[in-house]
Each structure stands twice: as C-alpha cells, then as structure tokens.
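This is what each chain is made of:
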Amino acid sequence: MNKNHYRYVLRLGDNALILGQRMTEWCGHSPLLEEDIAMANCALDHVGRARLLLSYAAELEGEGRSEDDLAFVRSDREFENFLLCELPIGDYAFTMARQYLLDTYHYHLFTELVSSSDETLSAIAQKAIKETTYHMDRSRDWVLRLGDGSEESHERMQVALEGMWNYTEELFERDPVDVQMIAEAIGPDPEWLHSKWQADINATIKKATLSVPEKKWSLSGGRNGLHTEAMGHLLSEMQHLQRTYPGLSW
Amino acid sequence: MSDSFVNDSIEASVSKSRILAVLEKVCDPEIPTLSILDLGILRDVICHPKHLEVVITPTYCGCPAMKTIEFDVIRALDDAGYKEVKVTMQLAPPWTTDWISKRGRAMLLKEGIAPPVESKDSLGQGIECPRCTSHDVSLISVFGSTACKSLYRCGSCFEPFDYFKCH
Ligand SMILES: [Zn+2]
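Top to bottom, those sequences are chains H and W. Numbering of the first sequence is given in this note's numbering, commencing with residue 1 and proceeding in unit increments. Numbering of the second sequence is given in this note's numbering, commencing with residue 1 and proceeding in unit increments.
Don't take each hint at face value.
[As the list claims (entries may be wrong)] 27 Å max Cα-Cα, derived DSSO-like pairs, lysine-lysine:
id : chain 1 : residue 1 : chain 2 : residue 2
1  : H       : Lys196    : H       : Lys215
2  : W       : Lys110    : W       : Lys67
3  : H       : Lys130    : W       : Lys67
4  : W       : Lys83     : W       : Lys67
5  : W       : Lys50     : W       : Lys86
6  : W       : Lys102    : H       : Lys130
[Claimed, not checked] Label-pair ranges, simulated between beta-carbon atoms:
id : chain 1 : residue 1 : chain 2 : residue 2 : range
7  : W       : Glu53     : H       : Pro176    : 34 to 42 Å
8  : H       : His233    : W       : Thr133    : 47 to 55 Å
9  : W       : Glu53     : H       : Ile89     : 38 to 46 Å
10 : W       : Thr133    : H       : Glu63     : 55 to 63 Å
11 : H       : Leu32     : W       : Pro93     : 33 to 41 Å
[What the hints assert, rightly or not] Covered stretches of chain W, going by a simulated chain H footprint (3 or more residues, C-beta under 8 Å):
id : segment
12 : 51-64
13 : 81-94
14 : 142-149
Derived by calculation from the structure, the hints in this document are not laboratory data. For clarity, every value in this text was computed on a predicted model and none was experimentally measured. Even for Gly, the Cβ is constructed at its ideal location relative to N, Cα and C.
Could you put the whole structure together from the sequences, leaning on the hints where they help?
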C-alpha cells in the first residue's frame with residue numbers, strides 16, 4: 001500500500017463527510033423552507049462524495065475495511081479533515097461563509113483533480129465538479145446578500161469571516177503527503193490552489209462590501225488527527241448507532 | 001441459461017435485447033414513469049460466461065435513489081429468470097441531462113416537470129411552464145425537491161413547478 005496515496009484520498013473523504021455532517025444539522029432548522037431543502041440537497045452531495053472517496057480510500061488501504069468502517073468506527077485522532085470543516089455551525093452567516101470558503105476551495109481542487117493521473121480520483125472529480133459549481137454559486141450569493149444587506153446581516157457576516165479566518169491557512173499546508181501527490185501528478189500544489197482561492201475570495205468579499213480579515217494567528221492539526229473540542233461531540237452524534245450496535249446494517 | 005451469454009453470437013444479441021426489455025421496466029423511484037434507459041443512467045449490459053453485469057451511473061454524487069435502483073434492477077432480472085446479476089457503478093464519463101431520451105423528456109413533462117433546456121448555462125432561459133407552456137417563469141430556488149430539480153413559478157398560471165435542471 002502507498003500510505004501517502006491512501007491518506008490523501010482519506011483526507012478528501014473526511015473533509016466531505018465532516019462538512020456534510022455539519023450541514024445536516026440545519027435540516028428542519030433553516031431560516032427559510034427553500035434554504036432548508038437547498039442545504040439538505042447540498043449535504044447529500046457531500047455525503048455522497050464522502051462515500052465515493054472513503055470507499056476508494058479503503059480500497060487503497062487494502063485491509064478489508066469498508067467506507068462504513070472508516071466513517072463510523074474511527075476515533076477523532078484517526079480523522080484527517082480540516083479543522084474548518086468541524087467547527088460548530090454557528091448562525092446562518094457563519095454556516096454560509098464557511099460553505100463559500102470551502103466550496104471555492106473544492107471548486108479549484110476538483111478542477112485540477114479532473115486531470116489527475118489517478119483515474120478513480122479523476123472520475124470522482126469529474127462528477128463532483130458539476131455539483132460543486134452549484135454549491136459555490138449559492139454560498140457566494142449568501143455572502144453577497146448578507147454582506148451587502150442590512151446593518152445587522154453585514155455585521156454578522158463580517159464576524160463570521162473573522163471567526164474562521166485563522167483556520168484557513170490549514171487548507172493550503174503542504175506536508176510529505178502533498179509533496180508525493182504533486183510528484184506523481186495525482187494532486188495539485190496547495191500553493192497554486194491558494195492563489196486561485198485567495199483571488200476569488202477577495203473579489204467576493206469586496207463586492208459584498210466586507211473587509212478581508214487580518215490573519216492574527218493560525219490553527220491547524222486536523223490533517224494529522226489533532227482536532228478541536230467540537231470534533232468529539234460531532235462524532236458522538238454521527239457514530240452513535242454504530243457505536244451502540246456494532247455491525248448493525250440495513 | 002448462462003451458456004447463452006456468449007458475446008458475438010446471435011444468441012447473445014437476442015438475449016441482450018430481452019434484457020433491455022426487462023430493464024426498460026425499471027424506473028426512477030422518484031419519477032415512476034421514467035425508466036433508467038430513458039433517464040440515461042443505464043450505461044451498459046455485459047454478458048459474462050456465468051453472470052450478467054449491469055452498469056449504471058449516478059445522476060448526482062448524493063443521489064439517494066441509486067441503491068434502490070440497484071435492487072430494482074436485480075429484482076426485475078431475477079423475475080425474468082436471470083439469477084446471477086451484478087450491478088456495477090461507473091462514474092466517468094459523468095452523467096449529463098443530454099443523456100435523457102426524447103421519450104424521457106416527454107415523460108417528465110407529463111409528470112409536471114419541465115425538462116432541461118439544451119443550452120448549458122441557462123437558469124430560466126427557454127424554460128416552459130409544464131402546465132400552460134408560458135415562458136414567463138421565474139426561479140424560486142435552484143434546489144428543488146431533489147438535487148436534480150429547481151423550483152420555478154409560472155407568471156401566467158401562477159403555479160409553482162419543478163424544473164429538471166441542466167447538468
Ligand atoms: Zn403556467
């Protein structure tokens with residue numbers, strides 16, 4: 001097994017799964033009926049994407065684990081998602097700001113992965129890029145609406161961006177896993193993604209009459225299994241059924 | 001039975017068309033008049049020496065209907081006497097609404113769902129109200145009752161309707 005290849009795909013799957021799980025928390029609680037449906041739609045796409053990626057990760061690992069084993073019986077130290085994905089949902093401004101930052105990240109990432117030397121990853125990216133484009137259009141729209149909206153909505157969107165800004169550097173870190181993926185033409189250079197991402201984000205923030213937050217400090221560790229306090233709570237809910245009734249199936 | 005699944009023979013092509021006739025009756029669980037052939041998610045039927053392989057592709061990554069469709073395919077073929085069936089999922093090339101057949105589009109319209117318009121970037125352009133055929137329509141939400149549909153409202157008859165969006 002190529003451990004770095006496995007971890008690369010696992011990280012992609014974990015990001016999709018943990019963010020998808022957060023999005024489902026709005027189901028039945030969104031501010032508008034249409035939003036409730038839209039959020040559930042997008043959450044399903046994330047969970048579907050996680051299934052494809054985690055199945056593939058399990059296959060690369062070659063130890064007989066399934067997508068469900070990876071999703072439901074790993075502990076927090078074994079998850080390698082970005083910290084940004086696991087932060088609690090906050091208010092709708094926080095939720096949509098996070099979606100926008102991550103949708104834009106995924107948009108550029110999947111655009112590159114379409115031409116990955118890994119055929120399976122390329123196939124997943126070709127599928128995911130289509131829906132990511134819808135997701136990004138919607139989340140960008142909310143950043144604009146709230147940012148360039150009422151005094152209160154503007155304030156809340158600005159606070160949301162400030163609150164998550166120090167978690168964004170982690171999206172573009174480069175460790176030995178990334179270095180090997182770049183060398184094998186499997187994944188893009190995070191630095192390149194960073195420049196594409198930053199340009200889009202800056203343009204939207206400006207258009208939304210908001211200001212780009214100042215980076216005061218930076219938090220990371222998710223990709224190496226070091227998570228925030230929120231992660232354990234998320235997993236206890238997500239994994240409840242499999243932990244209580246191990247091996248339970250439909 | 002399995003002996004007849006030999007490629008490149010008349011027998012094989014006869015059995016393949018029989019299989020397709022069976023699969024024509026398997027429908028999308030969300031739109032029960034739209035078959036998986038007309039929806040364009042059936043990609044291939046391969047006759048192996050000992051089993052049949054049915055290749056399908058998902059519409060969206062998160063389409064919750066895929067598992068049901070897989071069971072329905074196996075059940076329909078089982079009823080028709082094909083006992084050894086394997087359903088495999090193919091991701092690339094990704095499904096597009098261009099693969100919905102002419103008959104599939106007519107089926108959508110009959111269900112009150114506006115079929116996708118041909119041009120790729122259209123959100124509103126050329127969409128017709130499935131009830132009164134008016135083009136005076138406006139978007140309510142890009143995300144409708146399922147991921148593959150958007151919600152519109154007709155300005156002439158004032159009815160809301162689903163639009164099967166271009167993908
Ligand atoms: Zn009408």
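The hints, checked one at a time:
The suggested pairing of Lys196/H with Lys215/H holds, with an alpha-carbon distance near 18 Å, which does not exceed 27 Å. Restraint check for Lys110/W and Lys67/W: satisfied, since their Cα atoms lie roughly 26 Å apart, inside the 27 Å limit. A C-alpha spacing of about 21 Å is found between Lys130/H and Lys67/W, which places the hinted pair at or below 27 Å, so the restraint holds. For the suggested pair Lys83/W and Lys67/W, the alpha carbons sit about 19 Å apart, so the restraint of at most 27 Å is met.
Only pairs whose Cα atoms come within 27 Å are accepted, and Lys50/W paired with Lys86/W is accepted, the gap being roughly 11 Å. Distance check on the hinted pair: Lys102/W and Lys130/H sit about 23 Å apart at the alpha-carbon level, within 27 Å; holds. Remark: the range hint 34 to 42 Å for Glu53/W to Pro176/H is upheld by a beta-carbon distance near 39 Å. Separated by about 52 Å at the C-beta atoms, His233/H and Thr133/W satisfy the suggested range of 47 to 55 Å.
In this structure the hint that Glu53/W and Ile89/H lie 38 to 46 Å apart at CB holds, the actual value being about 43 Å. Judged by the Cβ atoms, the range 55 to 63 Å given for Thr133/W and Glu63/H holds: they are separated by roughly 58 Å. The supplied range of 33 to 41 Å is met by Leu32/H and Pro93/W, whose beta-carbon atoms lie about 36 Å from each other. Counting residues of the segment 51-64 of chain W whose C-beta lies closer than 8 Å to any C-beta of chain H gives 6; at least three are required, and the coverage claim holds.
For the segment 81-94 of chain W, the assignment as covered by chain H holds, since 4 residues bring a beta-carbon within under 8 Å of that chain's beta-carbons and 3 suffice. Only when three residues or more bring their CB closer than 8 Å to a CB of chain H does the claim for the segment 142-149 of chain W stand; here the count is 6, and the claim holds.
In this structure, every one of the numbered hints holds.
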